[in-house]
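Two independent chains are provided; combine them into the complex using the hints.
Residue numbers (my numbering), protein chains in the order written: chain F, 17 to 638; chain V, 195 to 326.
If you're looking for bench data, these hints aren't it; they were derived computationally from the structure. Quick caveat, the model's predicted, so the values are computed rather than measured.
If you only want the chain V side, here are some residues facing chain F, beta carbon under 7 Å, derived:
| # | residue |
| --- | --- |
| 1 | G243 |
| 2 | Y255 |
| 3 | L256 |
| 4 | P258 |
| 5 | A282 |
| 6 | M316 |
| 7 | F317 |
| 8 | G318 |
Here are the computed lysine-lysine pairs in the DSSO-like style, where the Cα-Cα straight-line distance is at most 27 Å:
| # | chain 1 | residue 1 | chain 2 | residue 2 |
| --- | --- | --- | --- | --- |
| 9 | V | K320 | F | K336 |
| 10 | F | K25 | V | K259 |
| 11 | V | K225 | V | K299 |
| 12 | V | K259 | F | K187 |
| 13 | V | K320 | F | K163 |
| 14 | F | K63 | F | K35 |
| 15 | F | K178 | V | K259 |
| 16 | F | K619 | F | K568 |
| 17 | V | K259 | F | K180 |
| 18 | F | K314 | F | K187 |
| 19 | V | K320 | F | K415 |
| 20 | F | K67 | F | K632 |
| 21 | F | K170 | F | K187 |
| 22 | V | K320 | F | K187 |
| 23 | F | K530 | F | K44 |
| 24 | F | K313 | V | K274 |
| 25 | F | K254 | F | K530 |
| 26 | V | K262 | F | K187 |
| 27 | V | K262 | F | K178 |
| 28 | F | K170 | F | K336 |
| 29 | V | K274 | F | K255 |
| 30 | V | K262 | F | K180 |
| 31 | F | K571 | F | K591 |
| 32 | F | K312 | V | K320 |
| 33 | V | K274 | V | K262 |
| 34 | F | K331 | V | K320 |
| 35 | F | K636 | F | K619 |
Positions of the beta carbon are idealized from the N, C-alpha and C atoms, including for glycine.
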Amino acid sequence: MTPGGYAEKWLEVDLGKQKIEEVVHSDKILRHYFGGRGLAAKVLWDKVGSKWAELDPLAPENPLIVYTGPMTGIYPGSRICVSGKSPVSMGTVGSTAATEFANEIKQAGYNGVTFVGKSDKPVYLLITDDGAELMDASHLWGLDGEKTLIKLNKEVTEELTKRKPDVGLWKEPGMIYIGPAGENLVRNAAVITKLCHAAGYGGYGSLMGSKNLKAVIAKGRGSLPEVDAPEAAKLLWKKTHEHLMARSNMRRVGTGYAGYSVGAETSSEPVRNWQEEWHDEKSYGGPMFETRFWVKKKWADFNCTTNCMKVSCIKTGPWKGDITDMPDYELQAYCGTNFGIFDPEANIHLSALADQLGHSGINGPNTAGFAVELHQRGILTDEDFGFTPKWGDTETFDKIMRMMAYREGIGDVLAEGTYRAAHLIAEMKGLKPEETLKYAVHVKGIEIGAHGTRSDADYTHDISYAASVQGGDHTSVAVDGYSDMSAAVFTDSAVFCNFTYYGVPQSLVFDFAKAITGFNITLHNWRSETGPRIVTLQKALLLLGGPDLKWKPIKDDDNPPRFYEPLPSGPYKGKTTDHDLVDTKLQSYFETLGWDNRGIPTKETLKKLDLAELEKSMAKLR
Amino acid sequence: MPFPGVEVPHLCSQCQDYPCIEVCPVDALSKDEDTGAVITDRETCTSCGLCITACPGQVPYLHPKDNKAVICDLCGGEPKCVEVCTEAGYNALTIVNEGPSIHRKLYSRHPVETAKDLAVNMFGEKGEEVIE
Numbered sequence: 017m018t019p020g021g022y023a024e025k026w027l028e029v030d031l032g033k034q035k036i037e038e039v040v041h042s043d044k045i046l047r048h049y050f051g052g053r054g055l056a057a058k059v060l061w062d063k064v065g066s067k068w069a070e071l072d073p074l075a076p077e078n079p080l081i082v083y084t085g086p087m088t089g090i091y092p093g094s095r096i097c098v099s100g101k102s103p104v105s106m107g108t109v110g111s112t113a114a115t116e117f118a119n120e121i122k123q124a125g126y127n128g129v130t131f132v133g134k135s136d137k138p139v140y141l142l143i144t145d146d147g148a149e150l151m152d153a154s155h156l157w158g159l160d161g162e163k164t165l166i167k168l169n170k171e172v173t174e175e176l177t178k179r180k181p182d183v184g185l186w187k188e189p190g191m192i193y194i195g196p197a198g199e200n201l202v203r204n205a206a207v208i209t210k211l212c213h214a215a216g217y218g219g220y221g222s223l224m225g226s227k228n229l230k231a232v233i234a235k236g237r238g239s240l241p242e243v244d245a246p247e248a249a250k251l252l253w254k255k256t257h258e259h260l261m262a263r264s265n266m267r268r269v270g271t272g273y274a275g276y277s278v279g280a281e282t283s284s285e286p287v288r289n290w291q292e293e294w295h296d297e298k299s300y301g302g303p304m305f306e307t308r309f310w311v312k313k314k315w316a317d318f319n320c321t322t323n324c325m326k327v328s329c330i331k332t333g334p335w336k337g338d339i340t341d342m343p344d345y346e347l348q349a350y351c352g353t354n355f356g357i358f359d360p361e362a363n364i365h366l367s368a369l370a371d372q373l374g375h376s377g378i379n380g381p382n383t384a385g386f387a388v389e390l391h392q393r394g395i396l397t398d399e400d401f402g403f404t405p406k407w408g409d410t411e412t413f414d415k416i417m418r419m420m421a422y423r424e425g426i427g428d429v430l431a432e433g434t435y436r437a438a439h440l441i442a443e444m445k446g447l448k449p450e451e452t453l454k455y456a457v458h459v460k461g462i463e464i465g466a467h468g469t470r471s472d473a474d475y476t477h478d479i480s481y482a483a484s485v486q487g488g489d490h491t492s493v494a495v496d497g498y499s500d501m502s503a504a505v506f507t508d509s510a511v512f513c514n515f516t517y518y519g520v521p522q523s524l525v526f527d528f529a530k531a532i533t534g535f536n537i538t539l540h541n542w543r544s545e546t547g548p549r550i551v552t553l554q555k556a557l558l559l560l561g562g563p564d565l566k567w568k569p570i571k572d573d574d575n576p577p578r579f580y581e582p583l584p585s586g587p588y589k590g591k592t593t594d595h596d597l598v599d600t601k602l603q604s605y606f607e608t609l610g611w612d613n614r615g616i617p618t619k620e621t622l623k624k625l626d627l628a629e630l631e632k633s634m635a636k637l638r
Numbered sequence: 195m196p197f198p199g200v201e202v203p204h205l206c207s208q209c210q211d212y213p214c215i216e217v218c219p220v221d222a223l224s225k226d227e228d229t230g231a232v233i234t235d236r237e238t239c240t241s242c243g244l245c246i247t248a249c250p251g252q253v254p255y256l257h258p259k260d261n262k263a264v265i266c267d268l269c270g271g272e273p274k275c276v277e278v279c280t281e282a283g284y285n286a287l288t289i290v291n292e293g294p295s296i297h298r299k300l301y302s303r304h305p306v307e308t309a310k311d312l313a314v315n316m317f318g319e320k321g322e323e324v325i326e
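For reference, chain V alone in the conformation it holds in the complex (with noise of 0.2 Å):
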């Protein structure tokens, strides 16, 4: 990230046109029905990368074990972070049922750019001089 202390989180944000999906040239890539996830097939994914540089977020990348594609699959619907995040208390994380008009493609971010929006939001002059 551009400035220290300013971590964005960086998922899979579901656009409607999915992208990856798209490119992907061995069809491991696959929408789930009910959650709108994309799920990798492990066993054709070849670890070709195109997902990655597909996705306006940068949000796939290659598991250090096994080399192939990761991308957030929700849980199948369950996800263990807001489980967590709820057990822990801190609430922070929560499943939120989107209204008709949430464009999610607005979500789809580089990280690193909605880093720059909120150092600016901080840190006000400071955050502009530091992310150039």
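For reference, chain F alone in the conformation it holds in the complex (with noise of 0.2 Å):
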């Protein structure tokens, strides 16, 4: 039996050999890491272990794992977390998406599935009650995101209803899936589920491309996982959802209406790759939004209150039946406003042509915008684009996010994220690699979301990304002292989302997760144990890196230049980022975790967390 809130067993395919095989983890490795990122970290170090750092990220051996948690689909907000050694970061990130994937896997029997091995043609995996089998994908490699889903949808709705035909109507099976982008191994691709919910950060969607995966479906019949306690489930679910109703106004218009407020209320939106972070463009207020094209307001995911996701549509025009969601913040900001693109319109069709080309929507863009200022620069011309790139011009980046996807021209370069390609280009130029650096926004190879630091008056400061394990990753950053232990790493791990999280006191939440599983689990002991082991084996295993990237100690942790350079415009002229406070807040963050001063963990806390199979290496490096 395995604890409350986790299904019986996870799977393990070997793409390889196509074989599929059921496996369970003991109590301890899940009192340990839980579920998600946590665990997808250890299950990683576990297989990979000596080999780690010459490992290539998208090789065959690379496993990649898809999870939930024991609160997945329990508590508001279900999500699935995808992990794997990063092709962008070497280290892992727990890369999480909203969709009804993640209960129905559960509900099937099953927490989650590891993918080994490469399979010789196009396959998905199908998981019901049944078990899980791999089939054909021959037939949708090449499509674009909308026409996977819906073709899959019907393709699998049809085969379960042919199988059982008495058992009512199937409603959509959960699926993950990837675009364009993925297969073609543009190492910061995204993994995509539903129309255009992804799983960003990390670049899974290549390590899935590199597999041969197009995608992974489950419908499970059954109920999801009995919990340890269900009376006090019953009765914290409760309460859960009344402090979350309170957030009406995220149940109105979600993130929909901050790419006009993040950039002029708090100064820390990116505007042409991050040359400004203010703008007061009314234009591209929410409401310019929301009564020209959201459609609907009222699409949650599984048992979500806080119900953030409204759906635009373009129904007329050159774009019409471009399908988004919101577009979300993010998206406004990396699909508009980075783009130095203020028109809602243009905003959607690209946010849309992102997802459908299976971009992860920050990262893809952050490449784009990149390459655009690199021309602006002098550095890259007309003739490495084959036309010439202009901010503010949707035909400039509909083009640039084709042929990154596609890997055409210089897009086979920006394919490589913009970490890589700095360099990439700074070679083809007979550049030093600074003099493309300086440009590139992004912290240990993983563009940073959209939000700036340099006017400190967002929730990103100083350290948020310098010191994170998941680099420039919005959803998981780091602040000194323990909170962000008991924040993204705790609901990347339960795997439920960060916006069913703020806003409900944590006690409440840590009350939930014992009465879900019934380990003696607290804030207290999440923040001092549980979150520091995780956090501090993704930190080992970044210290790693691989075959062709090490990141070195405390030098890498930092900001990209950039954030270094004063504000140009707006009420935040002239601040920025003081590169003091990073270096004292990283010193007593390393300490808070029982790094040593560059950032190592130490042979004590190794130790003491349980780690110390990984004092060899980390010796290595002291």
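Right, dumping it as structure tokens:
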């Protein structure tokens, strides 16, 4: 028997040998790593171990992990966590996306699935109550997101109906899939789910593509796993809902009004590849999106009270039929202001395009903006692009995103992600890497989310990205002290949404975790033990790096150069990130976690956290 | 459903002429006099599936555990789904007292048909394209 909240088994699929096995994890491992991000890091370390530094993330040996957590489906806001050795950072990222796939797979009796090897032809994995099977996906390879989704939805529903004609009509199965960007190994490509949700950070779309795995589909007809204390869980569920229902603004507009306000109010929104972080473009206000384009204001994922999702659709004109969510703030910024675009319709088109191509809507467009700035600086030329790229021009970014997804022309270089592209372009142009890297807005190869640190007025500050084991990931920022351990590290491992976490008292969430699993889990021991264990393991793996890329301890724990340039405009003009403060806070962050002054976990810390097997490789780094 | 994201609740709408009750060869189905709901006698049901085909909305299904026909019985007039929806504060499901001109049979449609209409309503011409 697995503990409460967990389904009985996990799946392991060897795509090379076409073999599917069912495995379990011990109670101790589950107590130590919980699920999702934490458990994935542990499983990766166990599978790869001492070969970590030599493992190319796009090689068949790199496991792709798709895990739920014990709270998935039960706590409001179910998500799936995708992980593996990251093709962009060389460490691990717990990359999550909101989707019914998460509860469907649990209802089918599995907590998740690990893929190893590489299939010789495109396949997808179908998971039902009767087990899992690999299906041919040759006819789906090359299709964009929407066509993949519609085709698979139809095909799988027909197949299930044929198998069990009398069990009623099938609700849409849950699925995760990749678009052309993932297939063509665009390094920072996303794993997509539903029509426009993505697990973007980490570049797991390319990992999936490298395995010839087009999609994973789950349809479970069972119930969610039993919880340890059902009566307590029921009560806590009600209380959680009460707190979340009080967040009425989130439910009304989601983050769809932030495309204007983050720029105008907090000066922390990327504008033209972060050359500015302020704008006062009233044409870009939330109501301009809402009144003209929102066709559905309630599209919550399973068991989600926050319901931040709104659907936009362009109904007429050249972009007719483009559908995406809101767009949410991140894509309003990255597929809008970051391109110098302040037109809601163009923003919806480019956001929908990013989804359809299978780009991460944050990471891919970051690279596209970076490329256009290199053109502005005279480093890349019209000949490199094959046309004249211009800020604020929808056509420019439409073209670049397609060129990246299909690796055409300069797109082939940009498909390596901002950090690697900076190196490749420097080499191409006979420049020093610093000359291109100064325009690359990333940390640890992960392009930074749309919240700057220079104004210090947003939730992101000095070491938010610099110290994070997930680099530029805006959903998992580092905070000196322990508070980040109990936030993103917890939600990504219990696997539910950040937006159903904030607004609920932390003690209540941890009581809920205890009622579900029966583990003696408290805010205190998560902050001081489980969280640090997961982060320390992630840090060690990040430091071990990969064959072509190793991060230098402490030197690379820093913000990109741009974040130290003074803000050129707006109410925070002249302000910038304080380098001394970054240095001081880094030290206090390391100290809290028991890492040495270069951010390498100490022997004592590894022992205390039951990670002694990492000592040998960490000793080499010290 | 023909287009992702357009899910339609799929429940018995209590047609006035009750085609499912009419067709049941073993009289396992009956009408609850108070609520109008269709009640299944699980002892008598032979899992023949005729009620599924007779229903204009294809509402009944065979339960995965005992293979007997399942039709919403309105929880004896106090539906649990309404209760939980109210408790959670959504208030999306409420009990509505019907006026005399409501023709319940009109709601008894295959949910895929309803979903197609909704797709067109939401997505315009794009909706018409995807439902083909």
